[in-house]
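Visitor: The task is simple: from the sequences and hints, build the whole structure.
In short: position in the sequence shown from 1, add 369, done, that's our numbering.
A few of these clues could be false.
As the list claims (entries may be wrong) - Label-pair distances were calculated between CB atoms; the ranges are:
# : residue 1 : residue 2 : range
1 : Phe405    : Val508    : 39 to 49 Å
2 : Glu498    : Lys411    : 43 to 53 Å
3 : Ile527    : Ser496    : 34 to 44 Å
4 : Lys491    : Ser570    : 11 to 21 Å
5 : Gly526    : Thr397    : 15 to 25 Å
6 : Ser574    : Thr495    : 15 to 25 Å
7 : Gly438    : Lys499    : 42 to 52 Å
8 : Lys452    : Val508    : 11 to 21 Å
No wet-lab data here; the hints were simulated from the structure. Backbone N, C-alpha and C fix where the C-beta goes; we use that ideal spot for every residue, glycine too.
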Amino acid sequence: MNLINLNFFKRVYQKITGISYNLSYSQTGEDLIIEFMIAAKKIKNFTYLDIGANHPVRLNNSFKFYENGYKGVCIEPDPSVFKILCKKRPKDICLNIGIAGKASGEAYFYIMNNPVLNTFSKEEATSLEKNNHGKIKKVIKVPLKTIEEIIDDYFNGISPVFINLDVEGLDEEILRNFPFDKYRPTIFCIETVHFTDDASSEKRSEIFNIMSEYGYKTFADTYINTIFINTLI
370 MNLINLNFFK RVYQKITGIS YNLSYSQTGE DLIIEFMIAA KKIKNFTYLD IGANHPVRLN
430 NSFKFYENGY KGVCIEPDPS VFKILCKKRP KDICLNIGIA GKASGEAYFY IMNNPVLNTF
490 SKEEATSLEK NNHGKIKKVI KVPLKTIEEI IDDYFNGISP VFINLDVEGL DEEILRNFPF
550 DKYRPTIFCI ETVHFTDDAS SEKRSEIFNI MSEYGYKTFA DTYINTIFIN TLI
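Guide: Structure, rendered in structure tokens:
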């Protein structure tokens, strides 16, 4: 039974029995944690920027909020995955581009046999192959925009409340060049562990250093992802 059908039957069960379920589409419940934060902070005008959205529903950290009626911008460089994203998330703005650290342009994008491992980092892609964690299927050129350009153009210059960042190997570069002096999202969810089959990888300490430097603290950690909250609001 796929995730959509399972959730449908859970809703039917809830309606019949009155027993509620907190449905999560994330890999390890990140969306439920963020939903709690939204309620605790009484955020009403919730918006999101999902960078590296991948599948529009499965293991997705923003779909729960789309389902709840919120809207945002989803970034997905893989053309085949992008088509699925547009079909399943018609109310979102979906962009078939990548995110650059400093300047617009274009870059090579490594499409892996497992789409969740797709990356702009040649080093990351070759490391995955070397360690038998994935295979490079093909390499394509993809246009790039900076986060600042995305927020300027699609959020009317108002910071999104939530940014989900999962860009296999380039998270640190993007964060180092994030315009924190101009935009202060309330919540970040960032993949902070290197991928391995046996979950033995160390956490990416530099990401924690960057976020701390710019006034964000860890609110929750699911080992795979860390959820950071802005301490300057």
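Visitor: For every hint, state whether the structure bears it out.
Guide: Okay, the hints, checked on the actual structure:
In this structure the supplied range 39 to 49 Å holds for Phe405 paired with Val508, their Cβ-Cβ distance being about 40 Å. Checked against the hint of 43 to 53 Å, the C-beta distance between Glu498 and Lys411 comes to roughly 47 Å, which is consistent with it. One distance hint, 34 to 44 Å for the beta-carbon pair Ile527 and Ser496, holds here, with the actual separation near 38 Å. Our hint of 11 to 21 Å for Lys491 and Ser570 holds, since their Cβ atoms are close to 19 Å apart.
With their beta carbons about 33 Å apart, Gly526 and Thr397 fall outside the hinted range of 15 to 25 Å. Separated by about 23 Å at the C-beta atoms, Ser574 and Thr495 satisfy the suggested range of 15 to 25 Å. For the pair Gly438 and Lys499, the beta carbons lie near 44 Å from each other, so the given range of 42 to 52 Å is met. For the pair Lys452 and Val508, the beta carbons lie near 19 Å from each other, so the given range of 11 to 21 Å is met.
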